[in-house]
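There are 4 protein chains.
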Amino acid sequence: MKLWQKDYEIQKLVEEFTIGKDPQLDLELARFDILGSLAHTQMLTQVGLISHKNGNKLKEELKKIYREIQSGVYQIDPGVEDIHSQVELTLTDRLGEVGKMIHTARSRNDQVLLDIRLFLRHEIQQIVVLVEDLFDQLLSLSQQHQEVPLPGYTHLQVAMPSSFGLWFAAYAESLVDDLQLLQATYKVINKNPLGSAAGYGSSLPINRQLTTDLLGFESLNYNVVYAQFGRGKSEWMVSSALSSIAGTLNKLASDICLFMSQNFNFVSFPDDLTTGSSIMPHKKNPDIFELIRGKSNKIKALPNEISLVTSNLSSGYFRDLQILKENFLPSIQTLKECLRIASYALKQISVNQNILDNPIYQHLYSVEVVNQEVIKGVPFREAYQKVAKLIEEGKLPQKPKVSYTHEGSLGNLCNDQIGNAMVVVIKGFDFEKPGKALAQLLK
Amino acid sequence: MKLWQKDYEIQKLVEEFTIGKDPQLDLELARFDILGSLAHTQMLTQVGLISHKNGNKLKEELKKIYREIQSGVYQIDPGVEDIHSQVELTLTDRLGEVGKMIHTARSRNDQVLLDIRLFLRHEIQQIVVLVEDLFDQLLSLSQQHQEVPLPGYTHLQVAMPSSFGLWFAAYAESLVDDLQLLQATYKVINKNPLGSAAGYGSSLPINRQLTTDLLGFESLNYNVVYAQFGRGKSEWMVSSALSSIAGTLNKLASDICLFMSQNFNFVSFPDDLTTGSSIMPHKKNPDIFELIRGKSNKIKALPNEISLVTSNLSSGYFRDLQILKENFLPSIQTLKECLRIASYALKQISVNQNILDNPIYQHLYSVEVVNQEVIKGVPFREAYQKVAKLIEEGKLPQKPKVSYTHEGSLGNLCNDQIGNAMVVVIKGFDFEKPGKALAQLLK
Amino acid sequence: MKLWQKDYEIQKLVEEFTIGKDPQLDLELARFDILGSLAHTQMLTQVGLISHKNGNKLKEELKKIYREIQSGVYQIDPGVEDIHSQVELTLTDRLGEVGKMIHTARSRNDQVLLDIRLFLRHEIQQIVVLVEDLFDQLLSLSQQHQEVPLPGYTHLQVAMPSSFGLWFAAYAESLVDDLQLLQATYKVINKNPLGSAAGYGSSLPINRQLTTDLLGFESLNYNVVYAQFGRGKSEWMVSSALSSIAGTLNKLASDICLFMSQNFNFVSFPDDLTTGSSIMPHKKNPDIFELIRGKSNKIKALPNEISLVTSNLSSGYFRDLQILKENFLPSIQTLKECLRIASYALKQISVNQNILDNPIYQHLYSVEVVNQEVIKGVPFREAYQKVAKLIEEGKLPQKPKVSYTHEGSLGNLCNDQIGNAMVVVIKGFDFEKPGKALAQLLK
Amino acid sequence: MKLWQKDYEIQKLVEEFTIGKDPQLDLELARFDILGSLAHTQMLTQVGLISHKNGNKLKEELKKIYREIQSGVYQIDPGVEDIHSQVELTLTDRLGEVGKMIHTARSRNDQVLLDIRLFLRHEIQQIVVLVEDLFDQLLSLSQQHQEVPLPGYTHLQVAMPSSFGLWFAAYAESLVDDLQLLQATYKVINKNPLGSAAGYGSSLPINRQLTTDLLGFESLNYNVVYAQFGRGKSEWMVSSALSSIAGTLNKLASDICLFMSQNFNFVSFPDDLTTGSSIMPHKKNPDIFELIRGKSNKIKALPNEISLVTSNLSSGYFRDLQILKENFLPSIQTLKECLRIASYALKQISVNQNILDNPIYQHLYSVEVVNQEVIKGVPFREAYQKVAKLIEEGKLPQKPKVSYTHEGSLGNLCNDQIGNAMVVVIKGFDFEKPGKALAQLLK
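Chains P, C, H and R are the protein sequences, given in the same order.
The C-terminal residue of the first sequence carries number 443 in this note's numbering, and the numbering is unbroken.
The C-terminal residue of the second sequence carries number 886 in this note's numbering, and the numbering is unbroken.
The C-terminal residue of the third sequence carries number 1329 in this note's numbering, and the numbering is unbroken.
The C-terminal residue of the fourth sequence carries number 1772 in this note's numbering, and the numbering is unbroken.
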C-alpha cells in the first residue's frame, strides 16, 4: 500500500500534525493575546526598548485588532501557525517593520502562558457567575419545597425521612466547597508569567512588575523557570477545580435520572426538557441530565489526561504541552453549558408531593421510634433491638410526630448560613481588580 | 473444580470480603475516633441525653483508651469489624451498659466521616511542615548556588543560560502554589460532619455547633445530606491537592534522574544515596529519585481512582465508599516519605561547577547577542536572522557579559519574595485553633 | 521540627523507602522464582557454564526450597531485599560458593520479569476457572428463569419486555468477550524473557530456547531490549484484561444493587448475604454487590496508574517499575475474590415472579402493538404514531401475545451458542503445555 | 446577569446540548450506516416484511446515497440530529412513504452500534496496515544498522553494550504484541449487534444470522441485552488496544527526543522534520516526536475516560453513551497520523556511528570482563567484585572482543523470527471475509 502519493502530501501531513488544532483553538485566546501585547508594548516603551512614537502606533493598532476580534471579523490566515504569529503578521502588514517589535523580550512560550492565564481568569469569572446562579436556584427550590417529604436512602435501600428541602440545599452547599477549590486555582493562575520568555527570562532590561500591574494580576510568577512549569500545571489545577463542580453536577444528575424513573417518580420535567423514543411511544427520557452526567465525567477525566501528558517530563518547554489545549479549552465551555442547562431545567422541575403514600416507605420512621425510646432513657442498642422486633412482628407504630431541630436537619435547614458561606467565598475572588486594569489598558 | 470446601470457608470469605482491610486501616483513625467520641459524649451530656455521671465515666474511659492507642497497646480484636465497634465494645466491657450510650444520635457513617476529617486535618498539618522543610532546603540551595551556571533546555535541546539558583528556586516557588491548593482542601475538610448520622440527621435534640467548637472545626457541614457527600469528596479533594505536590516532586525527580546521567553529569549524591547494580560494577543509580518519581505518579493516579469508584452514584451512602480508604490512607504516608527523603537527599547534593566547559554549550549565549542588537535598536526579527547567520558561518562571538536584571531572572532571583509568599500561605492554615481545642478535650 | 533523631533513623527510612513492600509481595512470586532458577540452572549445566555435579546439587536444593515455600515455612529474612537475593542467600548458606552460580548470566531484571510471567500465567489460569464458574452459574440461571418476565429499561425508563433469561445470559456472553481479551494478554505474557539480563543480554553462551522449552513458554521475547519493555507492559496489558472482566462485574453489581432497592424489588438474597444497619433496623443492604462494584472500579483504575508510572520514560530499566507490583499483585487477588463471591451469591438469588403486576409496566408492550401493525403492512413510523395516540387516549390494548423468535431474543435465547463460544475461547488458552513443563522441572 | 435573552435562545442551547457534535462525527459513520441499511433491507425483504419491489427501490437508492457519500457531496442537513435520521429523511424525500420502512425492527440504538462496529472493523484494518508499515521500517533499519554500537542504559546510567540493530528491532517486536491485543478486540467487535433494537430485540420475525452473513461478520452478539452492552464496551476495548500501540510509540518517541539532545547526539533528522525556535537561532527541535509522545498519551487517557462515563451504570441504554464518540472517533485518526508520521520520519533518520568515542562509555564493557572470568570458572559474584576493584583502580582492560551469540542479542538479532511472528499475527485477522461481503452488498 502506498501511504501517500507525493512529497507535498506528506509535507502537508507533517504541517497539519505539528500545527494541529491551534488555529481554531487560538481564536478563543485572540483577545487575550492582544491584551498581553498591549501591556508588553507599554512596558517596552516605558523601559525605553521602543520609542514612544512606535509604542503609540503599536498600541493603537492593537486596540483596533481587539475591536476586530470582538466583532468577529478577525481571522487566523491559512498557513499561519498560531494567534501570536497572526497578530505580529497583521501589525507588520499594517505598520511595517515596527510591527515586529512587539516580539522583543518575549517568546511564544510566555505569550501562550500569558494568554491562557488571562483566558482562564475570564472564564473562571463566568463560571463563578453560573455556579452562583445554580446555587441560588437550588437554595430557592429548597426553601420552596422544604416541607415536601422525600425518603432518604442508604445503599439504595429505603432508610430514613428526608425532604426536598434537604435534598436541593445539599447540592447548593456542595457548590460552596467547589468554589473554594476554584478560588485556590484562581489565586494560582492570577499571577503574571510574562517575561519568562522561553523559560529562562531575558537579558533585556524589562520590568515584569509593570506588566503585572497593567494586566491586573495579583502578583507574578517570580522565578522564570517556575513560570514555565505553569504550562500543564495551570491546566491541571483548573481542570481539577472544574472536576469538583462536575462532581457535584454528576451526583445531582445521577439523582435526577434515578428520581425520574417510573420506579421512583419523585420529580418530573416539562416535555420540552425530555426526549421521546424513536421506537417506544410512551417514553419521557431524561436526556438532558444523562448528558450532564456523561459530560461531567468527561471533565472529570481531564486532570488525568493532563497528568499523563506531563508526567515524567523534566523541566523546560516541550511541544507535548501544545496538545493540552485540545481537550482543555472545550471542556470549559462544556462545563458552562452544563451549568446553564442545569439551572434552566431545575427552574422547571416538578416535585411529587405524595411520595410517602407508597407502602414501601412504611418503616421510614423506624429510627424515630428508636430515638423516642432513647429520649426516655433506653440505651440506643437496646432501643434498636426493640424496634427491630416490632418490625419483625409487624407492630411498628404509625408515623410518629417528627421533630428535627439540629443544624442542617429536616426542621432546621440552615439555608441562611449556607447562603452566607457562598457570599464569603465569592467575595474572596476579587474580580474587580483585573476588570479595572484591562479596561484601563483598552482605553 | 471445587471453589471452597465447606460452608464456613465461604462465610469466612464473605466476612473477609466485606470487612476488607478496615481493621488494619482503622488503627490509623483510632485516636481520632476517640476525640470524636469525647466531643460527642460531652455534647450528649450538655443536651441532657446522657447524665453527667455517665458522661464523666465515659469521658474518663475514652481518655484512657486514647492513652492506650498512643502507647501502641490498643488493638482491634479479631472478628471486630472496625474501630467504631471496637471502642464501643471496650467501653461496654469496662463500664457495662453505659458504654453503648456513645452511639446515641450517631451512625457509623458520620463517625467515619468525622474520623477521616480529624485524621486529614492532622496529616495536612504534618505535610505542610514537611513541604516547608523541603521549601527551605530548596531556597537555601538556590542562594548557595546562585552563581553556578546551568544550561537551560527547551525540547531537551540546549537553549539559553540558566543557573542552579534559578533551578532550585523554581521548585520552591512551585510548592507555594501547591500549598495554596492544599489550603483550599483544608478549608473544605475543616468542617464538622458529626450529627449527620446516616446522612439524614437525627430527631434527637443534638447540638452540632457545640461539637464543632469542641473539635476546633472552622464551621460545620450544615446540610446533613451534603455532609454525607463528604465521603468520597473529601478524599478526592485532598488527593488532588496531594497530587499537586506530587507533581512538583515528579518533575524535580525527573530532572535529577536526567541530571545524574553521565551524559549530563550536572549533579551527584554520596554513595549511601545511590545504588549499585548486581551485574554492572560501575553504576551509581538514582534509585531514590526514581522511586520518588514513581511514587508521585501513584499518588497522581489516586484522584482518578476515587472518581471511578464514586462517579454516577446517586446520593446517600453506599458501601463502595469503604474501599476508598485502602489506597487513600497509605498514599498520605507515601507522600510524607517522599517529602522527607527528598529533603534529606537534597541536603547532600553536589552540583557540577564546570558544566559549561562542554563544547555542546557554545551557542548557549546566542540569544544574548540577539538582545544586544535589539538594545542597539535593531528589530528583534532582524537581529535574530543576523545571529542565525553568524552561527551558520561559525562567527558567533564568545560568551558576552551577561546582565539579567528583571524579576525572577538569573541576576535577580527574588527569593525573598518567594519566601514571603510561602509565609503568607502557611499563615492561612491556622493550625492553632484545632490544636488548642483537641488539647482541651483531652485534658 | 526535627524530622528524624539520628542518622540511623534516616538510613532506615531510606532503606524502607527503596525496598518498599517487596519482601511481602515477593512471597507471592517465590515459587515461580524457584521454577525459573531450576530451568536456568539446567540450561547453564547443558551449555557447560556449570558442572553437572554442581548443577544437580543446585537443582536438588532448589526443589527443597520449593517444597518449603509450598508448605509455608520459607521466609524472606529481615534486611534481605527481595526473593531473588533470599534464594541465592539460602543456596550459599546451604551449599557454599556454588550457590552463587545461579546468578550467572542473569540479572534481577530478567529474573523478576520471568517470575511475574510465570506468576501471571498461573493466575490467569485460575481466573479463567473462576470466570467459567460464574459463566456456568449465569447460563444456568438464565435457563432456569427464562420464562420470568423482567421489564427492560432504557434511560432507566420502562421500555420493553425482557426476561430474567435474557438478563442473566447477557452477562454470560459478556464474559466470553472478556476472556478473548484475557487470552490475547495470555499469549503476550506466555513468552520467555529470561536471558535478557539487565536488558541487553549476556555475552555468555546461554541457550534461551532451552529455558523457553523447560518452562513451557509458547515462544520467547526474542529481542532482549524488548524483553525489558515487558516490565510495565505486561502489567498494563493484564490489568486491562482484568478491567474488562471487572467491567462486566461492575455492571452486574450495578444492576443488582438497583434491583434490590424496594423501588424495584426484582431480586433478593438470603440474610447471610445482606447486611443490616447499625441505626436502621429494617434494612437489608446489598453490601456484597456494592463492594464488587467498588472493587471492580479499583481494578479498572489500575491500567491508568500503570500508564502514569511508565509513560514518557525512555527505554531501559528504571526503579520506578518496582512500585507497579504494589497495586497490581493485590488486584489480581481482588478480582478472584469478586468472581468467587459473585458466583456464590448468585447461586442463592431469588427472582421476583410477579414484577409486571405493578401498574407502572402497563405500557410495556406498546412496541408489540406497533409491530403487529407493521406486520399487517403499516409503515413503522405510521404505526408508531398510531400507538402513541392510543396511549395518549388510554386505549392501548391489553398485553398482546408475545412471540419473539429471532436469535438472542426472549423466545430464542441461543444459550447453547453462547455456551459453545465459551468452550472455543477456553480451548484457545492451552494451559496443558506449561502445566506439563513445570511438573517435569520439579520431578 | 441575564444568562440568555429569549426563550428560543435557551431552546437552541438545549438542542445543541443534546445533539452535541453528532452531525459532524456521524459523517464518519455515514457509509457504514448505508451498508447496515442495505443488509437490513435485504433481510426485511427476505423475511417478507418488505415487498421485493420496495426492497429493490430502497437498495438502489441506498447505493446511490453511498456513492454520494463517497464522493463527498452527502451532508447532514441543519437541524437533523444524526446520520440515521438523515438517511431515512433522504429516502422518504426521494421515494415517499417506502423510505420509512428501513426503520422496521430497528432502533437507533442498534443502528449506531452496528455503524460503529463496521467503522471500527474498517479502521482496524487501516491501522494494521500502518503498523505493519512501521514494523517493516523498524526491522529494515535494524538490519541496516545492526553493527552500529549504541550504549545501553539502565536508570539512565551507562550500563552495557547495545546496538542500533537491537534498539530498532525492539520496537518492531513490541508492535507484534500490540497487534495481538488489537486482534482480540477485532474479534470482539466483529460480531453483529443488529436486531437488538433498543436493547431487547423485536417481536418481528427478523433473521439476524442473515444480516450477520451479509455484512461479513464472524458471528453475532447473540443475546440482545448483551449486544447493547457493546456501546461503551467496544469503545473501551478498542481504545485499550490503541493505547497499547500508543504505548510503543510513546516509548520510541521518548527515546528519540532524548537521543536528539546534544547531550546524547545519537540520532538526527533532516531539517524539514525538525523545528527552529522563534527566539533561539541554533535550535533543531524534535517537535514531531514530542507530538507523537504527547498525542500517544492522549490516546492512553481514553480508556479511562470511557470507564468514567460508563462505570456504575446499570444495564440498558443511557444517553451518556453518546458522548463517547467525541473523543473516541478522533483518537483513531490521531493514532493513524502518529503511525504515518513515525514511519515517514524514521525513513530519514541518521544514526551516529561514533557514539562510543565519548569517554563516558569507557566502562561499557565491564560486564564482558566479568563474564570472561565466569567462563574461566570464577563464580559470578567473585568475578564481579574483582572487576569492581579493577575499575576503582583504573585498570579495567580495553574493549574486549565481544561475542554475543544467544537469541535476541547483539550478535543474533533473530529478526527473521520477529518478522515471522508478525506475519502470523496479521494472518489471524482475516480481513478478506468482510471485504468480500461488503463488496457483494454494494454490487
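FYI, nobody ran anything at the bench for these hints, they're computed from the structure.
Note that the structure is predicted; figures quoted are calculated from it, not measured.
Every residue gets a Cβ at the ideal spot worked out from N, C-alpha and C, and that includes glycine.
Mixed in with the good hints there might be a few duds.
To be verified - Short derived list, chain P residues pointing at chain R, Cβ under 10 angstroms:
1. 14
2. 312
3. 382
4. 385
5. 412
Unchecked claim - Listed below are the simulated DSSO-like cross-link pairs for lysine-lysine, each with C-alpha atoms no more than 27 angstroms apart in a straight line:
6. R:1665 / R:1676
7. H:939 / R:1715
8. P:386 / P:64
9. R:1724 / H:986
10. C:727 / H:986
11. P:187 / C:630
12. C:829 / P:100
13. C:455 / H:1222
Hints versus structure:
| no. | hint | verdict |
| --- | --- | --- |
| 1 | 14 | 7 angstroms, holds |
| 2 | 312 | 9 angstroms, holds |
| 3 | 382 | 38 angstroms, violated |
| 4 | 385 | 34 angstroms, violated |
| 5 | 412 | 32 angstroms, violated |
| 6 | R:1665 / R:1676 | 17 angstroms, holds |
| 7 | H:939 / R:1715 | 26 angstroms, holds |
| 8 | P:386 / P:64 | 80 angstroms, violated |
| 9 | R:1724 / H:986 | 25 angstroms, holds |
| 10 | C:727 / H:986 | 23 angstroms, holds |
| 11 | P:187 / C:630 | 15 angstroms, holds |
| 12 | C:829 / P:100 | 15 angstroms, holds |
| 13 | C:455 / H:1222 | 15 angstroms, holds |
Hint compliance for this structure: hints 3, 4, 5, 8 are broken, all remaining hints hold.
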